[in-house]
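Participant: Sequence:
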Amino acid sequence: MSTAPVTAPLRARPAGPTVVVGWALALVAVSLAGGLASDTGSSWYEGLDLPPFQPPGPVFGIVWTVLYVLIAVAGITATRATAGTAAFRPVHLLFAVNLVLNVAWSWIFFQGHAPVLAGIEVVVLLATTVTLAVRLRGPAPRSAVLLVPYALWVSFATVLTWTIALTN
Numbered sequence: 001m002s003t004a005p006v007t008a009p010l011r012a013r014p015a016g017p018t019v020v021v022g023w024a025l026a027l028v029a030v031s032l033a034g035g036l037a038s039d040t041g042s043s044w045y046e047g048l049d050l051p052p053f054q055p056p057g058p059v060f061g062i063v064w065t066v067l068y069v070l071i072a073v074a075g076i077t078a079t080r081a082t083a084g085t086a087a088f089r090p091v092h093l094l095f096a097v098n099l100v101l102n103v104a105w106s107w108i109f110f111q112g113h114a115p116v117l118a119g120i121e122v123v124v125l126l127a128t129t130v131t132l133a134v135r136l137r138g139p140a141p142r143s144a145v146l147l148v149p150y151a152l153w154v155s156f157a158t159v160l161t162w163t164i165a166l167t168n
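Residue numbers (the UniProt record's numbering): 1 to 168.
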């Protein structure tokens with residue numbers, strides 16, 4: 001006879017539509033909040049010395065749209081995979097912190113006109129993105145893989161932000 005304690009699941013697996021709608025709404029909110037701050041037509045932004053490897057403006061919209069879809073799918077997959085486990089709370093807290101940092105960068109850079117502070121912030125964003133992907137390798141490997149393009153883009157954004165910060 002086993003002496004291991006029997007533990008009940010922390011909670012039942014979330015319902016499909018609720019999880020999908022929740023993540024979709026969260027990523028739409030993040031997209032809108034970041035988009036409200038992003039002002040590439042301001043005199044401040046137009047006065048910046050931008051590096052030659054800066055992508056054209058429309059590329060950012062396309063890339064972020066794809067990334068937000070991937071993040072939402074990663075979130076849905078992670079929610080389903082970690083529901084009822086001890087990993088659920090820390091994973092979702094990390095997702096929340098990451099998405100707040102995602103939005104904050106636009107406000108710090110475009111509205112705060114603070115490239116150095118945005119550079120510091122984007123390093124933290126990158127760290128949370130990588131940590132999230134690594135943390136999800138066990139319970140939700142598909143989520144981890146879906147976050148790789150996001151981590152790569154945030155890596156590029158880190159280089160871009162620091163290049164702008166150091167040349168302006």
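These are computed hints drawn from the structure, not numbers from a lab. Here the structure is a predicted model, which means the values were calculated and not measured. For each residue, glycine too, the CB sits at the ideal point set by N, CA and C. Mixed in with the good hints, there may be bad ones.
Cβ pair distances, simulated, as ranges [said to hold, decoys possible]:
hint, residue 1, residue 2, range
1, Ala-96, Ala-37, 13 to 23 angstroms
2, Ala-24, Pro-52, 32 to 42 angstroms
3, Glu-46, Pro-17, 19 to 29 angstroms
4, Ser-43, Ala-127, 30 to 40 angstroms
5, Arg-80, Pro-52, 36 to 46 angstroms
6, Leu-93, Gly-41, 16 to 26 angstroms
7, Phe-156, Val-116, 28 to 38 angstroms
8, Val-69, Ala-127, 31 to 41 angstroms
9, Phe-53, Ile-120, 28 to 38 angstroms
10, Ile-120, Pro-52, 22 to 32 angstroms
Participant: The structure should be examined with respect to each hint, and the outcome stated for every one.
Facilitator: These are the hints, each one checked on the structure:
1. Ala-96 to Ala-37: 13 to 23 angstroms: This hint holds: roughly 19 angstroms between Cβ atoms.
2. Ala-24 to Pro-52: 32 to 42 angstroms: The hint (32 to 42 angstroms, Cβ to Cβ) holds, given that Ala-24 and Pro-52 are roughly 37 angstroms apart.
3. Glu-46 to Pro-17: 19 to 29 angstroms: violated, 44 angstroms
4. Ser-43 to Ala-127: 30 to 40 angstroms: For Ser-43 and Ala-127 the Cβ distance comes to about 33 angstroms; the hint holds.
5. Arg-80 to Pro-52: 36 to 46 angstroms: Holds, at about 43 angstroms.
6. Leu-93 to Gly-41: 16 to 26 angstroms: violated, 36 angstroms
7. Phe-156 to Val-116: 28 to 38 angstroms: 18 angstroms Cβ-Cβ, so the 28 to 38 angstroms window is violated.
8. Val-69 to Ala-127: 31 to 41 angstroms: Once the Cβ atoms are compared, 23 angstroms apart, the range 31 to 41 angstroms for Ala-127 and Val-69 is violated.
9. Phe-53 to Ile-120: 28 to 38 angstroms: violated, 21 angstroms
10. Ile-120 to Pro-52: 22 to 32 angstroms: holds, 24 angstroms
Violated hints, listed in ascending order, are 3, 6, 7, 8, 9; each of the other numbered hints is respected by the structure.
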